[in-house]
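Just so you know, the sequences run in chain order F and G. When the letters of the first sequence are read in order and numbered with my numbering, they come out as residues 1 to 373. When the letters of the second sequence are read in order and numbered with my numbering, they come out as residues 1 to 147.
Check each hint, because a few of them may be wrong.
Simulated coverage check for chain G against chain F, where a stretch passes if three residues somewhere in it have a Cβ under 8 Å from a Cβ of chain F [stated by the list, open to error]:
id : region
1  : 43-54
2  : 86-96
3  : 101-114
Pair by pair, the computed Cβ-Cβ distance ranges are [to be verified]:
id : chain 1 : residue 1 : chain 2 : residue 2 : range
4  : G       : Lys96     : F       : Arg254    : 26 to 32 Å
5  : G       : Gly104    : F       : Glu178    : 41 to 47 Å
6  : F       : Phe258    : G       : Pro51     : 45 to 51 Å
7  : G       : Arg84     : F       : Ala196    : 36 to 42 Å
8  : G       : His112    : F       : Ala3      : 45 to 51 Å
Rather than coming from a laboratory, the hints here were simulated on the basis of the structure. Computed from a prediction, not measured in an experiment: that's the story for all the values here. We put the CB at the ideal spot given by N, CA and C, even for glycine.
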Amino acid sequence: VNAVIDASAQVGFASDAQLREYLPATFRTRGWPGPARPWYQAPGGDFRESTYGDGYPWVGGFPGSDPERVVREVLDEAGARMAVLQPRGRGNLPDWTLNTEIYAATNRWLAERFLDPSAGGGRFRGTVLVNPEDPDGAIREIRRWSGHPGVVQVGVPLQSQQPYGKPQFQPIWRAAAEAGLAISVHISAGSGIERAPSPAGHMRTFAHYAAYMPLNYFHHLSSLIMDGTLARIPDVRFVFADGGSDILTPLIWRLDTFWRSMRDQTPWVRDVPSSYLADHVRFVVSGLEGPDDPAVAGDWLALTGKDALTMYGSNYPYWSSIDPGRLPDGYFDDQRRRILHDTAAAFYGLPDRPSADASPGGEIVSAEQGGRT
Amino acid sequence: MTAHSPRDLAGSALRLAGEPAPVAAEERSRREPRTVAAVADIPPGSMLLVPEGPFGIGIYNIDGTFHAVANYCPHEGAPVCLGRVHGSNVYDEEAKQFVRVLEGRVLRCPWHQWEFDLVTGKSLAKPERRVKIYQVAVVDEKVVVYL
Numbered sequence: 001v002n003a004v005i006d007a008s009a010q011v012g013f014a015s016d017a018q019l020r021e022y023l024p025a026t027f028r029t030r031g032w033p034g035p036a037r038p039w040y041q042a043p044g045g046d047f048r049e050s051t052y053g054d055g056y057p058w059v060g061g062f063p064g065s066d067p068e069r070v071v072r073e074v075l076d077e078a079g080a081r082m083a084v085l086q087p088r089g090r091g092n093l094p095d096w097t098l099n100t101e102i103y104a105a106t107n108r109w110l111a112e113r114f115l116d117p118s119a120g121g122g123r124f125r126g127t128v129l130v131n132p133e134d135p136d137g138a139i140r141e142i143r144r145w146s147g148h149p150g151v152v153q154v155g156v157p158l159q160s161q162q163p164y165g166k167p168q169f170q171p172i173w174r175a176a177a178e179a180g181l182a183i184s185v186h187i188s189a190g191s192g193i194e195r196a197p198s199p200a201g202h203m204r205t206f207a208h209y210a211a212y213m214p215l216n217y218f219h220h221l222s223s224l225i226m227d228g229t230l231a232r233i234p235d236v237r238f239v240f241a242d243g244g245s246d247i248l249t250p251l252i253w254r255l256d257t258f259w260r261s262m263r264d265q266t267p268w269v270r271d272v273p274s275s276y277l278a279d280h281v282r283f284v285v286s287g288l289e290g291p292d293d294p295a296v297a298g299d300w301l302a303l304t305g306k307d308a309l310t311m312y313g314s315n316y317p318y319w320s321s322i323d324p325g326r327l328p329d330g331y332f333d334d335q336r337r338r339i340l341h342d343t344a345a346a347f348y349g350l351p352d353r354p355s356a357d358a359s360p361g362g363e364i365v366s367a368e369q370g371g372r373t
Numbered sequence: 001m002t003a004h005s006p007r008d009l010a011g012s013a014l015r016l017a018g019e020p021a022p023v024a025a026e027e028r029s030r031r032e033p034r035t036v037a038a039v040a041d042i043p044p045g046s047m048l049l050v051p052e053g054p055f056g057i058g059i060y061n062i063d064g065t066f067h068a069v070a071n072y073c074p075h076e077g078a079p080v081c082l083g084r085v086h087g088s089n090v091y092d093e094e095a096k097q098f099v100r101v102l103e104g105r106v107l108r109c110p111w112h113q114w115e116f117d118l119v120t121g122k123s124l125a126k127p128e129r130r131v132k133i134y135q136v137a138v139v140d141e142k143v144v145v146y147l
């Protein structure tokens, strides 16, 4: 139990009615997309069978909404000693004032129901959602939660209107770094205004979507490096929570290659782009990535230092969530230990060992101290 | 990774190019002198490619000072002296603008666009790679390269 940290489990409101309870009167009667992807659904259902409760669609609220059940399924049954929770958003909404309020409501809900030590005995850490389309609102929200003992990172949707290295986003990342919080980039549930999942347009099937969509992280990562965010904010830390670290190696090789040729256009980048990964970037892996041949899996993971950048996350309650025991056979023991536990413990500054009666505030090491491995 | 200090522009330029190591007289005397051109053949801002060394040597006149560079890119072997000579950029974080530095002493390889400092030979993006430089001197109005 003490050997696993789940770096990404998803939670969300039981129902729209519950979300409305957490919204102020000014926004309570508004409309928004549901938390399921409208087009790309797994043929067998988006969620793990157990989360459907007594039948489809589900009884007792949307999967990942009931703290007791999340404690049981994410922590106890999976054998994870701690978990970082990522609340579901509703996509990137055209009304950014509404989305900022939905995120604020989501964060209040998360803190009340999951980050309070009465849920899980202080074994949960949380992500507070902030709206990148509303930089002032995002910074307000970061400052609101800064110092909350259960909050370890801010969350933004992978589906953005612009690459996250562009200058309009930089004040948000700076505020997060100043608050000692990492920034999690994660596919937002729901479907707001967003670009097609691939630059070539929409796919037909879920398989195609699932294979490609997480890889969009690289558009953000390359922009964060080349447009200077990682060079200018020494403490900024990004987590790409949908995985995709398997393609990091060839893509960062390409970026290094072209940077060497065109350095004069990005003079703030002081060394090859790949040199920024170790201090600033982590990935959550929730399924098999890279080669499944045990003879090469460990070596592939080691290339470009991916084995120090990758953290296990269950991606609960989605169907693709994997058991921590199901990492590829070919990983070396030290790689397995880092992925399942050590990298997340250091990155999020998690306590060495949980104690059942401790409050989250009593045992947290600041991310500042623990954020570097 | 360290942040930019706003006033380190000179440092940036220096870090890009480095400074040429001083050459001891006895070091030069151990090399073979070759007279390759008259000073008047290579006016400031120009380059003359001479058939010396295994790949040819480009003799560059930068503001009246001569620099000799092997015509061989350490990246993949391109005839680097056929590249253009210009300056390069650093960024002034305080003024929020690009600043031109090293004007006239940055050689850009024609194949993969790597930048090299003509004075030190160093790649600006990968300083551990450098184009070979030769010692050069003016003797009796002739340009002499030491192979």
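Status of the hints after comparison with the structure:
Judged by the Cβ-Cβ criterion of 8 Å, the region 43-54 of chain G is not covered by chain F as claimed, because only 0 of its residues qualify and three are needed. Coverage of a stretch by a chain is defined here by at least three residues with a beta carbon nearer than 8 Å to that chain's beta carbons; for the region 86-96 of chain G and chain F the count is 5, and the condition holds. Check on the region 101-114 of chain G: 3 of its residues sit with their Cβ under 8 Å from a Cβ of chain F, so the three-residue criterion for coverage holds. Checking the proposed 26 to 32 Å range against Lys96(G) and Arg254(F) shows it holds: the Cβ atoms sit about 29 Å from each other.
Range check, Gly104(G) to Glu178(F): about 42 Å between beta-carbon atoms, so the 41 to 47 Å window is met. Hint check: Phe258(F) to Pro51(G), Cβ distance near 34 Å, so the stated range 45 to 51 Å is violated. In this structure the hint that Arg84(G) and Ala196(F) lie 36 to 42 Å apart at CB holds, the actual value being about 40 Å. The hinted range of 45 to 51 Å is satisfied by His112(G) and Ala3(F), whose Cβ atoms lie roughly 47 Å apart.
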